[in-house]
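Using the sequences and the hints given, assemble the complete structure.
As given, the protein sequences belong to chains D and P, one line each in that order.
The opening residue of the first sequence carries number 1 in the numbering used here; numbering runs sequentially from there.
The opening residue of the second sequence carries number 1001 in the numbering used here; numbering runs sequentially from there.
Read the hints as simulated data drawn from the structure, not as lab findings.
No false leads were slipped in.
Output of the computed footprint for chain D on chain P, the stretches with three or more beta carbons under 8 Å from beta carbons of chain D: (1) 1024-1030; (2) 1040-1054; (3) 1073-1082; (4) 1121-1132.
For every residue, glycine included, the Cβ atom is placed at its ideal position computed from N, Cα and C.
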Amino acid sequence: MPILDLVLRRHREKTTLIILVLLSLTLLLFPKDPKIKFAQGVLNAMFLPVERVTNFIDDFGQMRADNRRLKRMVASLLLERERLTQFRSERERLRRLAAFKEEQFLKLVPCEVVGRNLDRFQTILIVDKGRADSLKVRMPVLSYQGYVGRVVNVFENSAWVQLINSRNNPVSCLDKRSRVIGILEWRNHSYFELNNVSVVDDVQLGDTLITSGFGGVAPKGFPVAVVTKVTPDIDGLQLKVGAKSHINFRSLEEVFVVTDEISWDRAIFYDRQDSTIIRNSIGDRL
Amino acid sequence: MKRLNVLIASFVFLMLQMLVAPRIALGEISPDFPLLLVAYFAIHQTPVRGSISGFVVGLIQDLFNPQLLGLNALTKSVAGYAVSVTGAKADPDNDLFLLALFSITALGHDFVYLLIFTGLDPGKFFMLLLTVSIPSSIYTAVVGVIVHRIAVVLGTKGVRTFGKARP
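Right, dumping it as structure tokens:
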């Protein structure tokens, strides 16, 4: 009893703190899956409706200006696309002649960002598509400007995307010009470091780093960052390659999850369908 | 009524973190509104209430990153306790005192956070501490004093009447 009196009355404040610290440490050591399920349930109930409303208000002001800008962009892209379709057919014919493996076209699911974590040391986005839209864990996620991350958790109508500007989310990349391969890891802000590059490899300032397709998560050929620094490492055997991403990870509003790959033939069908819709919608702009 | 004020203010500060903090961030350097909420609450309260408020706010923040569920709860409980103990010994309406208190609290909070987050890796720890935590602590403190001033000027009860409950 004197011990209880000492703990609960005389040292009530310290006892409370110790209990809370122990409770926090227990939560930290708890298995991951139940924690994630619990958090998802609470978040869905509390914050997603609020985030949707604020996103809608934010978007409304931008909509008119965006619409005008996008129509202009669509018109020019459509012309460019027509030209590229011809190149693509020619390229496919040549690849078939050379007996190369047939390349696939990516099937993208556009997702709206409806939330993000409040942590300053890693970035996880919550998007409004989930299992109902065929999203699965480890699927790659793209933005308009390139590869941004991968799906880490999928729920019925939402999913979590871990961005590449997080610890423990390295990406296998290759130099677009020299085809040198390395592992790109986030350092801070928009800065990354390309590791495993030998001192004899050809990497130069301004080179674009694209996803290599190795590792089975990120599809090949999407830009990730641009080389900003190349210096020999302390050991003299490797290069220290710094790179900067031009994607503003904090302002991502829409992303695209790669859910599947389809053959070029089917993609061409979609091209035609899209082209007709776009032509009708922009009318005489073309 | 006071409980309602606390609930409204908690909601407002969490919304500030979700909606305003990313917009006023300077790169990775952004204010920590949930920590300010804990500090405002704890400064006029007993250490028991300060640490419990820190735990609750931290737990809500952890829901957004459940892989580390408990980390913010831990750091903010300690922060709430520390602010409450310090607040009892000084003038909580003095701007300079608040600036110093918020900076030290934010830095102490990040120190404990990074120790666990980086898994005691000294390279990552010091890099994040120097490039993110120290500037963010100052930013958080400045924003904290500005919010406090606005609350005083507006005579808002929401922020200031969290407390005065210290026995």
